[in-house]
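Residues per chain, in single letters:
Number of protein chains: 2
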Amino acid sequence: MEIEYIYLCVQAVDEKKGCNYLMNTWNIFGEISSDLQLVEKELQEAVKGPIPVLEEASSHLLAAGGKRLRPAFALISGKFSNYDLKKMIPLAVALELIHMASLVHDDVIDASSTRRGLPTVRAKWGNRMSMHAGDHIFARSLQLIHSIGNREISGILATTSVKMCEGEIQQILTAFDIRQTIKDYFYRIERKTALLIAASCRCGALAAGAERAVVRALGRFGHYIGMAFQITDDILDLTADQKKLGKPIGGDIRQGIMTLPMIFALRYYGENSRLAEILAAREKGEKEIKEAIQLISAAGAIEKTREISRRFVEKGLRELAILPVNPTRDLLEKLAHFINRRNY
Amino acid sequence: MEIEYIYLCVQAVDEKKGCNYLMNTWNIFGEISSDLQLVEKELQEAVKGPIPVLEEASSHLLAAGGKRLRPAFALISGKFSNYDLKKMIPLAVALELIHMASLVHDDVIDASSTRRGLPTVRAKWGNRMSMHAGDHIFARSLQLIHSIGNREISGILATTSVKMCEGEIQQILTAFDIRQTIKDYFYRIERKTALLIAASCRCGALAAGAERAVVRALGRFGHYIGMAFQITDDILDLTADQKKLGKPIGGDIRQGIMTLPMIFALRYYGENSRLAEILAAREKGEKEIKEAIQLISAAGAIEKTREISRRFVEKGLRELAILPVNPTRDLLEKLAHFINRRNY
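Going down the list, the protein sequences come from chains B and Z. Residue numbering for the first sequence follows my numbering, starting at 27 and increasing by one per position. Residue numbering for the second sequence follows my numbering, starting at 27 and increasing by one per position.
Keep in mind that the hints are not guaranteed to be accurate.
A pair counts as met if it fits within one copy or between any two copies, since identical chains are not told apart.
Stated by the list, open to error - Below, in silico cross-link-like pairs of lysine-lysine (BS3-like), each with a Cα-Cα straight-line distance of 30 Å or less:
id: 1; residue 1: Lys74; residue 2: Lys209
id: 2; residue 1: Lys189; residue 2: Lys67
id: 3; residue 1: Lys316; residue 2: Lys273
id: 4; residue 1: Lys74; residue 2: Lys189
id: 5; residue 1: Lys269; residue 2: Lys316
id: 6; residue 1: Lys313; residue 2: Lys330
id: 7; residue 1: Lys112; residue 2: Lys189
FYI, nobody ran anything at the bench for these hints, they're computed from the structure. Note that the structure is predicted; figures quoted are calculated from it, not measured.
Please take these sequences and the hints and turn them into a complete structure.
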């Protein structure tokens with residue numbers, strides 16, 4: 027029911043700014059909704075600084091919204107133990123800042139001009155500002171992580187940051203390479219997405235002083251759900267309504283990022299196929315991108331990919347078995363399903 | 027004497043790779059020379075990772091050398107208290123990595139194609155790789171800082187990182203703006219350079235468990251010497267032998283960065299002068315850059331700037347008064363003088 031409601035909200039704010047859409051998304055977050063609003067306020071505070079243009083750039087990025095999934099997972103994970111809002115908020119904010127910083131740098135790299143329906147920092151302020159705005163947002167996250175004062179959390183986030191970079195670099199190195207395996211794809215999306223979501227769950231649990239077994243279970247849940255999240259993202263890049271997605275579809279084909287539906291479809295058509303030709307080409311027009319999407323879809327690759335995403339969600343849900351059956355666990359389960367079924 | 031020797035060494039390896047030059051520079055570092063060689067080895071380890079191209083890019087950057095001033099200041103600062111090499115090395119390596127990361131991102135931004143006489147990461151691997159290589163190097167520093175396990179150190183370095191970004195952004199925002207004051211210039215170079223050198227001294231002292239007063243004195247020493255270092259750098263950008271400097275001179279004029287000699291010269295000639303016209307122009311040829319350098323020099327602005335640098339060194343040296351008179355303090359004093367007198 028709630029998920030349906032969110033879809034309606036998203037459609038209703040389709041033409042509006044991302045922040046409205048964000049406000050409505052919060053309905054899925056149940057018991058942590060009001061705490062997430064506090065996260066939002068603290069995010070605004072966190073990007074304040076002595077340089078107005080920098081603050082404007084970061085606020086602009088915040089206004090573009092996003093699902094605030096990482097803060098949400100951290101807060102919910104904390105709810106299973108001694109949830110202390112004062113400890114949870116800096117963590118939640120830091121996680122979203124790390125994510126934001128990676129998005130800003132991604133935009134510099136990918137030369138994409140819209141993200142979440144709003145012009146990117148790069149398009150509005152140029153590459154140089156984007157680069158340093160990303161660095162600044164990331165550095166601000168370090169101050170927050172420092173303020174938490176939990177060594178295990180800072181260790182997890184340092185290692186996660188290193189691996190996230192490795193994922194980005196791997197993505198560049200393998201661009202337009204049609205000989206990638208499913209394993210290569212999983213390696214990349216783990217680093218690109220799953221690790222930070224897993225870290226959000228683990229750190230959320232740690233900040234609340236959870237037992238080892240709970241930290242581990244939530245970490246694994248986050249890992250699997252993170253994988254499912256990225257796989258769904260990669261499906262949406264091929265199938266979504268451009269307006270709902272907030273950016274042009276087929277972006278991965280344009281940038282040569284081989285996603286799971288492409289890998290499945292390439293297996294179906296072979297390396298000498300028309301699809302292979304389009305995907306490997308560094309320059310291509312909108313007509314060819316459309317053609318590639320049709321070929322991928324006709325090969326049944328989208329459905330096959332959906333199945334993989336479903337399986338990751340199931341694996342994730344199984345990790346919750348050791349947790350008590352309560353509304354917080356229900357909320358986590360709902361979020362896991364939402365991630366798989368969303369259409370934006 | 028030692029300083030003279032270094033100059034000779036530098037000239038001797040003029041045509042060779044930076045690493046040779048680096049080896050010879052170590053002679054100035056006296057009692058910490060062998061520990062600095064260990065830092066060098068650990069730096070190599072720190073940039074290792076699962077992606078060969080990334081490792082190659084980072085090793086390339088390491089081979090280009092650099093003065094390793096930040097590690098040196100950290101180690102020497104530790105020598106006044108309970109110097110424990112195991113604690114000092116990760117800090118020294120982390121400091122150099124933070125510095126390296128900022129250089130890599132600077133290259134992306136500045137579109138400079140040589141740094142320290144070798145092609146930059148950007149020129150060799152492209153902007154996308156540079157950006158993520160910089161992020162990766164910075165994230166590796168976080169792992170090392172984490173391993174030190176000293177909250178005060180991680181706090182200082184987080185705040186320093188935030189402010190360093192603000193300095194970079196301020197530099198972009200004020201590019202080609204001839205109405206800058208000396209105060210604006212000091213604001214920028216403090217963030218760009220002095221803060222990390224001050225942090226190196228403070229953290230080095232903290233890692234060795236120094237008393238508050240010693241930490242503070244060394245921090246202030248680092249601040250003043252860092253200011254002098256950047257001022258000297260800005261002089262060298264106008265006056266150095268291109269081969270010795272390892273990059274084309276006049277880079278700041280090209281990029282519109284208003285340095286102290288320019289600010290002094292602009293005061294002398296006025297806002298409607300030929301110099302003002304060249305400095306404010308976003309596009310300019312080599313001929314105009316040469317003309318600007320001659321004008322700056324003829325105004326006596328280089329000498330005036332040298333005087334400011336000298337004064338910062340003096341202020342720095344005064345901070346050492348509370349430290350015991352011993353070979354370590356002599357070494358710090360020597361380094362301070364070297365910074366001011368170097369010609370590369």
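The hints, checked one at a time:
1. Lys74 x Lys209: between (41 Å within a copy, 22 Å between copies)
2. Lys189 x Lys67: both (29 Å within a copy, 22 Å between copies)
3. Lys316 x Lys273: within (15 Å within a copy, 47 Å between copies)
4. Lys74 x Lys189: both (28 Å within a copy, 12 Å between copies)
5. Lys269 x Lys316: Within one copy only: 17 Å inside a chain, 53 Å across chains, cut-off 30 Å.
6. Lys313 x Lys330: within (25 Å within a copy, 63 Å between copies)
7. Lys112 x Lys189: both (28 Å within a copy, 25 Å between copies)
In this structure, every one of the numbered hints holds.
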